[in-house]
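Colleague: Please work from the sequences and hints to get the whole structure.
Protein chains: 2
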Amino acid sequence: MSNPAIILHSPQLGENIGAAARVMRNFGLTDLRLVTPRDGWPNPAADTMSAGAFEAGVTVQVFENLPDALEGIMWLAAATARLRGIEKRVGDAADAADAAFERLGAGQSAIMFGAEKSGLPNDAVAVSDFLMTYPVDPDFKSLNLAQAVCVFCAEWGKRREDADRVISQDKAKLGEPAPRDELYRMFEHFEDELARAGYFFPPEKTPLMKDNLRAALIRADWTRQEVQTFRGAIKALALGRGKARVDRDD
Amino acid sequence: MSNPAIILHSPQLGENIGAAARVMRNFGLTDLRLVTPRDGWPNPAADTMSAGAFEAGVTVQVFENLPDALEGIMWLAAATARLRGIEKRVGDAADAADAAFERLGAGQSAIMFGAEKSGLPNDAVAVSDFLMTYPVDPDFKSLNLAQAVCVFCAEWGKRREDADRVISQDKAKLGEPAPRDELYRMFEHFEDELARAGYFFPPEKTPLMKDNLRAALIRADWTRQEVQTFRGAIKALALGRGKARVDRDD
Chain A
120 MSNPAIILHS PQLGENIGAA ARVMRNFGLT DLRLVTPRDG WPNPAADTMS
170 AGAFEAGVTV QVFENLPDAL EGIMWLAAAT ARLRGIEKRV GDAADAADAA
220 FERLGAGQSA IMFGAEKSGL PNDAVAVSDF LMTYPVDPDF KSLNLAQAVC
270 VFCAEWGKRR EDADRVISQD KAKLGEPAPR DELYRMFEHF EDELARAGYF
320 FPPEKTPLMK DNLRAALIRA DWTRQEVQTF RGAIKALALG RGKARVDRDD
Chain B
120 MSNPAIILHS PQLGENIGAA ARVMRNFGLT DLRLVTPRDG WPNPAADTMS
170 AGAFEAGVTV QVFENLPDAL EGIMWLAAAT ARLRGIEKRV GDAADAADAA
220 FERLGAGQSA IMFGAEKSGL PNDAVAVSDF LMTYPVDPDF KSLNLAQAVC
270 VFCAEWGKRR EDADRVISQD KAKLGEPAPR DELYRMFEHF EDELARAGYF
320 FPPEKTPLMK DNLRAALIRA DWTRQEVQTF RGAIKALALG RGKARVDRDD
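So the sequence lines, in the order shown, correspond to chains A and B. Okay, so the first sequence: first residue is 120 according to our numbering, each after it adds one. Okay, so the second sequence: first residue is 120 according to our numbering, each after it adds one.
The reader is advised that the hints may include incorrect statements.
Given that identical chains are not distinguished, each listed pair holds provided it fits within a single copy or across any two copies.
Restricting the straight-line Cα-Cα distance to at most 30 Å, the calculated cross-link-like pairs of lysine-lysine (DSSO-like) are [stated by the list, open to error]:
1) 277 / 354
2) 277 / 324
3) 277 / 207
4) 207 / 324
5) 324 / 236
6) 277 / 329
7) 354 / 260
8) 277 / 260
9) 354 / 329
10) 236 / 354
Note that these hints are calculated values from the structure, not bench results.
Modeller: Below is the structure:
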């Protein structure tokens, strides 16, 4: 059990990574995960802007893809300026902090931010539980990446003392929600079998079809047991279909 | 009547000024006032980091001293990490935004931030109505200047739509609170007469004595009428004392 992780997906400027780490540490957050940072890692510009945050406890992990970065993450919020017509819970930084706080007993949450110019890719938004959006002026809505991180961290800061108390209580886990990597494997299993069944057609719509499926499934707040059950169902269907085809081929 | 001003007192880095302007504009704030910026103005580094905020409506005024920068300001919050044993209202960014919002009908508020390393000088804190402090980790409490501005702006952003509604209603002013520059002239008047009366002794304690006086007086939420009354009282005392001395000299 721990404070939320901050995930920066494909960040471009080391300065923003460093500034994000600094403000995370200001408000008691220490788990920073980078997915494919443009300029690699370590990054001297990040060190300069961090004001010593890395030495003061902010850990950095670098990942080649989002699923790996989500290992052990139980609840994921995606920072986005555009609400993309995907049916998800939506709220501001305070709502995201509340939701993460409520789940403290159930495992780690993460808040994910996209690249400076392009924001988050659709496939990252699709696997999120929550869309976090800020009440910005519609005529000037592009926040600096580190400022976007700052707004969430400041909200978390308000809950930090309470959160530290909850974390130190080390509550017994109830319900055993499925970690994000198990969900990913479930999705991939499902999609592999759907692909084999010819479900994804036409090919150019495949990414959209997958995103929509994942967006729907992710809302279910899966427990580990339910993931096992669903994967069992996929396997059974796939085998049955295989068998049926064999039968037909006969 | 308008949204709060942001005052940067003796900012050092143009980058921070530009980043502050950007996040102000993100959340609907446009009145930026600089007191003795180290590198003068305009500043190319500020332009780069502003992402066009100056073209999109953020106005910048530069002042040689704080009293000039406070022209027309009715309520002033000072961002500070240290609570200095001065008796003032204290709260976080949400409290400051609430207070500024409540006063929307009564004139403009301002939120003031100090220099990157040193923060606000004591004489600036002394003339503030409110100390704004953030729930930072005590082991890593120094926020980047633009991030400190961001935290307040994000809180203001939550109230922005309501604030714009209030501002556009252009409510009739009740009570006519005294603008900050009138208070400054009142303080100076008072202090000049006190100096003439030999009140400030020993000389090295003069700044502290003035700060304490101002800190006490400022809590009174003066109306313009009250300022006039008080200045009349000072004048009367000064004349009386002058007269008494003339009498004595006779």
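Colleague: Each hint should be assessed against the structure and marked as holding or not.
Modeller: We went through each hint and held it up to the structure:
1. 277 / 354: neither (46 Å within a copy, 48 Å between copies)
2. 277 / 324: neither (43 Å within a copy, 38 Å between copies)
3. 277 / 207: Both. Shortest intra-copy (25 Å) and inter-copy (21 Å) distances satisfy the 30 Å Cα cut-off.
4. 207 / 324: within (21 Å within a copy, 61 Å between copies)
5. 324 / 236: The answer is within: 25 Å in one copy meets 30 Å, while 54 Å across copies does not.
6. 277 / 329: Answer is neither; intra-copy 37 Å and inter-copy 35 Å both fail.
7. 354 / 260: neither (46 Å within a copy, 53 Å between copies)
8. 277 / 260: Result: close both inside a copy and across copies, 24 Å intra and 14 Å inter.
9. 354 / 329: within (18 Å within a copy, 80 Å between copies)
10. 236 / 354: neither (41 Å within a copy, 61 Å between copies)
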